[in-house]
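Everything in the sequence shown is counted per the UniProt record's numbering, starting at 1 for the first residue and increasing by one.
It is worth saying that the hints were derived from the structure and are not from the lab.
There's no promise every hint is true.
Unchecked claim - What follows is a list of derived Cβ distance ranges for each label pair:
#1 Phe142 x Thr106: 24 to 30 Å
#2 Ala248 x Gly116: 47 to 53 Å
#3 Lys207 x Thr140: 53 to 59 Å
For every residue, glycine included, the Cβ atom is placed at its ideal position computed from N, Cα and C.
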Amino acid sequence: MLRTKGTNETFPDRGTAVHRRSNRAGRSAAVAVISTVLLLLAGPAFAIAPAGADKSNARALTTTTASLSPGQSGWVSVVWTADQTVTDWSTTVSAPKGVTVTYPTTRGGADTSLYGSDTLVGTTRDFTSFKLKVPYTQTTSFQVVLTSRYSVGVGNSANGNGNGNAGNNGNGNGNSGSFTTTATVTVPVQAASGPTFTQQTTSLAIKAGSSGFERIAFTGGQADLTDFSVRLGDLPAGLEVAYPGDRASAGLNGDQTLVGGSADYVGVRFIATDLRPGTYSIPVLISYTAAAPQTRTASLTLNVS
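Please build the complete structure, drawing on both the sequences and the hints.
Have a look at this one:
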């Protein structure tokens, strides 16, 4: 015979197994729903980094480099930092069409690394350098994208970060391996200022009856000048000149380009076999290409004794 207690539970006679309806499944479902809602409301605060994630937080601190001018080639740098020590640092740079990127030759020219070494010690700063050649047609600021690759917790177990510590072996946070970070940096472009170039040699002294090469030196301005060459204009009676390779003009000794801020020279052979002693002013015709081919006339004082 069955006895009834309340409306939900039925008790059989003694000796019969007791069966109760459980609400445990319903309570579990409710807890799961509430937990899901809390996680959605909390958002990133409850996010869990996946296994093997990069916890070094390596990042660029530089957002804008030093300014360059149209036609200029120059070195710029970007400062980096990290919360943990990273090694094997390598950076490559992507630039807009027409802008040329050059890396230091110390690493073979395919990439650049940090100034001190290829290790960025945690919480310190170091920088990468690279050279940009800006075309004359680039008159506004532009952006470059730096991609840096590095290792975390690899090969550091013996000396840690190099400061005598026992070793980080993944920096104690379980993150090790190779990682990549990128940074977009702005390169300002401003109009060049100052002279296009400077003729450093404005006078020469030779002996009457002599024959030999003399140097006429130049220093570049802010922008690069390609196809740089020099020839002398009207000569005084008794003087002849010749250029290397029997060419019609003299090119630079180092290259055909007078790089902005650099110094170079041209060689001219002065043949003064029949030249009388005295002081002579000789026109110097200087040709080069900036945004377009140009020719300028300077002068050279020749003192003959």
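Status of each hint after checking the structure:
The beta-carbon spacing between Phe142 and Thr106, approximately 26 Å, falls within the hinted interval of 24 to 30 Å. At about 50 Å, the CB distance of Ala248 to Gly116 agrees with the hint of 47 to 53 Å. Between Lys207 and Thr140, the C-beta spacing of about 54 Å keeps the proposed range 53 to 59 Å intact.
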